[in-house]
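K.L.:
As a plain string of letters, each chain reads:
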Amino acid sequence: MQKALAPDIWTWPEEPLQLIGSRCESCGAVTFPRQRRCPRCSKPQMVDLLLPSHGVISAWTTQGFPPKLPYAGGQTADTFVPFGMALVALGDVVQVEGRLTENDPAKLRIGLEVELRAVPFYTDENGDEVLTYAFEPINAGNTDDGSGR
Amino acid sequence: MSNEVAIVGVGLHPFGRFGDKPALEMGADAIMLALDDAGLEWGDIEIAFGGSSGVSSPDSVTGMIGLTGIPFTRVSNACATSASAVRQAATAIRVGDAEIALAVGMDKHERGAFTGAPSSMAMPDWYGENGQFVTTKFFGMKASRYCETNNISHETLARVAAKAYRNGALNPNAFRRNPMEIEDILNSTMLNYPLTQYMFCSPDEGAAAVVLARADIAERYTDKPVYLRASEVHTRRYGAYEVHASWAAMEENDAPTVYAARAAFAKAGITPKDVDVIQLQDTDAGAEIIHMAECGFCEDGEQEKLLADGATEITGPLPINTDGGLIANGEPIGASGMRQVHEIVRQLRGEAGERQVGGNPQIGFAQVYGAPGVAAASIFSR
Chain X
0 MQKALAPDIW TWPEEPLQLI GSRCESCGAV TFPRQRRCPR CSKPQMVDLL
50 LPSHGVISAW TTQGFPPKLP YAGGQTADTF VPFGMALVAL GDVVQVEGRL
100 TENDPAKLRI GLEVELRAVP FYTDENGDEV LTYAFEPINA GNTDDGSGR
Chain C
0 MSNEVAIVGV GLHPFGRFGD KPALEMGADA IMLALDDAGL EWGDIEIAFG
50 GSSGVSSPDS VTGMIGLTGI PFTRVSNACA TSASAVRQAA TAIRVGDAEI
100 ALAVGMDKHE RGAFTGAPSS MAMPDWYGEN GQFVTTKFFG MKASRYCETN
150 NISHETLARV AAKAYRNGAL NPNAFRRNPM EIEDILNSTM LNYPLTQYMF
200 CSPDEGAAAV VLARADIAER YTDKPVYLRA SEVHTRRYGA YEVHASWAAM
250 EENDAPTVYA ARAAFAKAGI TPKDVDVIQL QDTDAGAEII HMAECGFCED
300 GEQEKLLADG ATEITGPLPI NTDGGLIANG EPIGASGMRQ VHEIVRQLRG
350 EAGERQVGGN PQIGFAQVYG APGVAAASIF SR
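One line per chain: the protein sequences are X and C, in this order. Here the first sequence is numbered in numbering that gives the first Met the number 0, starting from 0 and rising by one per residue. Here the second sequence is numbered in numbering that gives the first Met the number 0, starting from 0 and rising by one per residue.
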């Protein structure tokens, strides 16, 4: 069976798939994941907010070596497949850090449109497939942030 | 001048790999070197601060060099550990707790990128399980964005590393002392795009120590006191995207280095144009380039031409990381910022040998930056 890496940070398996953040009722600041106090105004008036599932890349890189523990991916240097990482602006709400489904630098750039996905991450000791959230580039051919690339 | 502080002694245990030698032994060596440099004895030190990430009780060093009963406090503040320890020692002098104080930094790290429990940085467990609790990934993100938006080429990144290895070759205390070609740096393994293996510093081992005195008595111990004109530590503000962050606000704010540098220059009454020798946190080649602008030494994007012109070389108008920086020295977290102080003091005294910058330097600047978003900027003058 499938299960979520962190069930409390997103709506999976419910549709539509969305990350769950929190919004400060006092000043409007938005965080991901949820937290109890506002990092801008310090007030404890945070309420849950479902975040947009569509966004654009505002910064990106690739992870070219297997992270040390507590990384759960389990690969060794021989089996590790580099993955893309990005900071994604979800609408005009908040920027969220997460994996990309694309790891080729030639296909990544600032301004690229992406959509939230649930992707297979690893198989745990019970044989269950653990899913994580990742952003998939969409409309790669017809976006332009003016960078000329 | 009664609350001014001067550095009267510096000592450095080489950075690198030293087998079974414990960090505390390296710290003891660095302390003795700094005391010798100041012509002081351990018994003259009235208060001490020990910077370390891995040594839980740096004051244990007193068992090796003298159980004198002084207050000796551990300081642990990520890559700003050393700068924070020096600042604490200076503050102790300024408030009148001591006339002579010592700061020492020491660490002995295992190989490979730093890691730990995400909860130690107020991050959820899944952040580490998902492969995001990796400092180098943040540096890749920041460098790729900076290069893409400011037209900095990957060759310019490689120039930073090549300079570091070249300067390291002139520094007998450095970890990496073999010059490397730009092509070889560019073609080494891509760790976090656009940063390759030889564009990163490595965690390693080492120690450094600084003896500080109230400025009005400094000339008893040295004929070349170096005054600590400012030492500012800032943490991240709302809107800054920093190391180990699962999110960032839409409204963007400057990085903590910008605030620390600005505050240090204001406090010292000095401008970036006045600085003769510079130390910047070059965790990676991109960080040095970005910190040049964040500290006010150039505008965003100017680095491409400045580096092509050799401006940041020992012989250039903006000499940066004359001892090879973190890239050539590696980073024992607790000692790294004190290595910077050691090099600035050697340069301002005219004692840097083959690495000596010309023109009788009068003013030095040092900056550090680390997780989860802490920066320090310090200004030194003759």
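Hints in this document: simulated from the structure, not taken from any laboratory. All values derive from a computational prediction rather than experimental measurement. Note that beta-carbon positions come from the ideal geometry of N, C-alpha and C, so glycine has one too. Watch out, some of these pointers could steer you wrong.
[Stated by the list, open to error] Just the calculated beta-carbon pair ranges, DEER-fashion:
#	chain 1	residue 1	chain 2	residue 2	range
1	X	135	C	266	44 to 52 angstroms
2	X	80	C	124	19 to 27 angstroms
3	X	25	C	114	31 to 39 angstroms
4	C	266	X	14	32 to 40 angstroms
5	X	122	C	273	58 to 66 angstroms
6	C	223	X	78	51 to 59 angstroms
7	C	18	X	103	40 to 48 angstroms
8	X	7	C	315	28 to 36 angstroms
9	X	14	C	124	55 to 63 angstroms
K.L.:
Now tell me if each hint is right for this structure.
P.N.:
Hints, one by one, checked against the model:
Take residue 135(X) and residue 266(C): their Cβ atoms lie about 49 angstroms apart, and the range 44 to 52 angstroms holds. For the pair residue 80(X) and residue 124(C), the supplied restraint of 19 to 27 angstroms holds, since their beta-carbon distance comes to about 23 angstroms. The given range of 31 to 39 angstroms is respected by residue 25(X) and residue 114(C), whose C-beta atoms sit roughly 36 angstroms from each other. Our hint of 32 to 40 angstroms for residue 266(C) and residue 14(X) is violated, since their Cβ atoms are close to 56 angstroms apart.
Checked against the given bound of 58 to 66 angstroms, the beta carbons of residue 122(X) and residue 273(C), roughly 60 angstroms apart, stay inside it. Checking the proposed 51 to 59 angstroms range against residue 223(C) and residue 78(X) shows it holds: the Cβ atoms sit about 57 angstroms from each other. In this structure the hint that residue 18(C) and residue 103(X) lie 40 to 48 angstroms apart at CB holds, the actual value being about 42 angstroms. Separated by about 53 angstroms at the C-beta atoms, residue 7(X) and residue 315(C) break the suggested range of 28 to 36 angstroms.
Separation of residue 14(X) from residue 124(C) is about 26 angstroms and departs from the stated range, judged on CB atoms against 55 to 63 angstroms.
Taken one by one, the earlier hints fail for this structure at numbers 4, 8 and 9, listed in ascending order.
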